[in-house]
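Number of protein chains: 2
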Amino acid sequence: MQEREIKVMKKILATNDKMAIELRAILKEQGVLYINLMSSPGSGKTSLLENTAKNYDSNLAVIEGDIETTLDAKRIANAGMISYQINTGPFGGDCHLESGWIKSALEEIDLDGIDILFVENIGNLVCPAEFDVGAHFNIVLISTTEGEDKPLKYPLAFQNSSVCVITKTDLMPYLNLDIQQLKDNIKKVNPKMKIIELSSKTGDGMDNWFNFLNNNKLS
Amino acid sequence: MQEREIKVMKKILATNDKMAIELRAILKEQGVLYINLMSSPGSGKTSLLENTAKNYDSNLAVIEGDIETTLDAKRIANAGMISYQINTGPFGGDCHLESGWIKSALEEIDLDGIDILFVENIGNLVCPAEFDVGAHFNIVLISTTEGEDKPLKYPLAFQNSSVCVITKTDLMPYLNLDIQQLKDNIKKVNPKMKIIELSSKTGDGMDNWFNFLNNNKLS
Numbered sequence: 001m002q003e004r005e006i007k008v009m010k011k012i013l014a015t016n017d018k019m020a021i022e023l024r025a026i027l028k029e030q031g032v033l034y035i036n037l038m039s040s041p042g043s044g045k046t047s048l049l050e051n052t053a054k055n056y057d058s059n060l061a062v063i064e065g066d067i068e069t070t071l072d073a074k075r076i077a078n079a080g081m082i083s084y085q086i087n088t089g090p091f092g093g094d095c096h097l098e099s100g101w102i103k104s105a106l107e108e109i110d111l112d113g114i115d116i117l118f119v120e121n122i123g124n125l126v127c128p129a130e131f132d133v134g135a136h137f138n139i140v141l142i143s144t145t146e147g148e149d150k151p152l153k154y155p156l157a158f159q160n161s162s163v164c165v166i167t168k169t170d171l172m173p174y175l176n177l178d179i180q181q182l183k184d185n186i187k188k189v190n191p192k193m194k195i196i197e198l199s200s201k202t203g204d205g206m207d208n209w210f211n212f213l214n215n216n217k218l219s
Numbered sequence: 001m002q003e004r005e006i007k008v009m010k011k012i013l014a015t016n017d018k019m020a021i022e023l024r025a026i027l028k029e030q031g032v033l034y035i036n037l038m039s040s041p042g043s044g045k046t047s048l049l050e051n052t053a054k055n056y057d058s059n060l061a062v063i064e065g066d067i068e069t070t071l072d073a074k075r076i077a078n079a080g081m082i083s084y085q086i087n088t089g090p091f092g093g094d095c096h097l098e099s100g101w102i103k104s105a106l107e108e109i110d111l112d113g114i115d116i117l118f119v120e121n122i123g124n125l126v127c128p129a130e131f132d133v134g135a136h137f138n139i140v141l142i143s144t145t146e147g148e149d150k151p152l153k154y155p156l157a158f159q160n161s162s163v164c165v166i167t168k169t170d171l172m173p174y175l176n177l178d179i180q181q182l183k184d185n186i187k188k189v190n191p192k193m194k195i196i197e198l199s200s201k202t203g204d205g206m207d208n209w210f211n212f213l214n215n216n217k218l219s
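Keeping their order, the protein sequence lines are chains C and E.
Numbered according to our numbering, the first sequence spans residues 1 to 219.
Numbered according to our numbering, the second sequence spans residues 1 to 219.
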């Protein structure tokens with residue numbers, strides 16, 4: 001990588017991280033638990049939020065990050081949550097969200113009475129992990145269909161998260177997945193990771209997810 | 001995005017694209033079909049290559065792109081293909097492959113007698129599509145578990161590919177997927193896309209994939 005590119009990258013990261021620290025403090029002061037969901041496309045971030053909206057008694061808001069479309073924001077709104085869409089556009093800076101964009105979004109969202117703010121990051125297991133959006137918890141999702149090796153191959157998303165949600169457990173009978181190996185690989189990359197296994201479709205394991213939210217709500 | 005960042009990005013892309021054009025011509029002259037596989041993590045790129053190595057009678061070489069680990073290169077080597085690993089490292093420029101890195105890899109690989117060179121790009125549906133690696137075909141994979149909406153949400157990977165392989169069709173009985181909707185969305189983003197449906201696990205549909213390779217081999 002060229003030196004000039006590195007310098008620019010460092011400057012962007014420094015600006016991002018400063019804003020992230022501010023956001024973390026502001027949301028804490030407001031009593032809003034702030035959670036950043038990261039995963040590959042199709043790992044089930046939106047489905048987890050839909051199930052949560054329907055079955056978890058709390059006031060939720062979601063900031064949706066997508067390169068294009070408002071499909072997820074519509075799904076979230078239909079599920080009864082306040083939703084705000086950030087589209088990062090078709091080219092350049094489109095593979096992740098940054099804290100400054102969250103701050104701008106928050107100027108448009110009324111957080112009064114909101115218990116939990118979720119950010120659904122861009123579907124990408126690489127770039128979002130490089131940008132702190134100031135959340136109280138970074139949570140990485142991985143579906144049972146993605147294989148045991150992903151934590152080793154994409155370690156940063158797992159190192160920079162404190163909770164890993166293994167999704168789509170209902171599909172396990174039809175897969176060759178060695179779930180213990182997957183969990184061992186997660187722990188190898190991040191020994192302190194809390195792991196929650198669930199299926200948003202059948203509801204199996206959702207109680208563990210709701211317990212996690214209960215235990216960490218700020219108000 | 002800041003103006004300075006855009007300038008650097010444009011310079012990198014121009015260098016990349018120039019090298020990509022050279023690579024495309026060099027491989028054509030050598031009679032080697034050159035295919036770039038792109039998808040999310042866990043969509044089944046390595047499994048498709050493993051099945052191809054076992055069941056398709058041809059001399060194959062694979063350049064594996066991963067942020068970390070040589071797990072895929074080992075799987076590929078075990079399946080009997082020549083494999084070369086590029087690790088992009090843990091931070092910065094790690095979300096895609098560039099044509100210059102392929103060129104460097106090719107200096108280490110003996111292409112004599114090779115019919116097809118595959119690049120297995122970084123598992124990421126966003127960044128790899130922005131960087132032409134000079135392949136004769138960009139092929140995007142999407143698994144049946146990822147949902148119907150991904151072509152609309154990550155259009156560039158679908159616009160910049162000429163073939164879309166829908167993988168893991170064996171899981172369809174256990175999913176709510178509307179495959180016609182998925183195909184409609186692919187065609188909406190890229191009306192000329194050739195679509196191949198298959199399961200690397202059961203072998204269903206692999207004949208269509210092998211036919212595609214047969215029809216496009218250069219020697």
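Quick caveat, the hints were computed from the structure, so don't treat them as lab data.
Among the hints, erroneous ones may be present.
You can't tell identical chains apart in this list, so a pair holds if it fits in one copy or across any two.
Cut-off 25 Å, straight-line C-alpha distance, at most; resulting in silico cross-link-like pairs (DMTMM-like, lysine to aspartate or glutamate) [said to hold, decoys possible]:
(1) LYS201 to GLU148
(2) LYS183 to ASP110
(3) LYS74 to GLU148
(4) LYS54 to ASP149
(5) LYS201 to ASP170
(6) LYS18 to ASP149
(7) LYS18 to ASP132
Quick rundown of the hints versus the structure:
| no. | hint | verdict |
| --- | --- | --- |
| 1 | LYS201 to GLU148 | both (21 Å within a copy, 16 Å between copies) |
| 2 | LYS183 to ASP110 | neither (38 Å within a copy, 39 Å between copies) |
| 3 | LYS74 to GLU148 | between (32 Å within a copy, 15 Å between copies) |
| 4 | LYS54 to ASP149 | between (32 Å within a copy, 22 Å between copies) |
| 5 | LYS201 to ASP170 | both (8 Å within a copy, 19 Å between copies) |
| 6 | LYS18 to ASP149 | neither (33 Å within a copy, 35 Å between copies) |
| 7 | LYS18 to ASP132 | within (9 Å within a copy, 34 Å between copies) |
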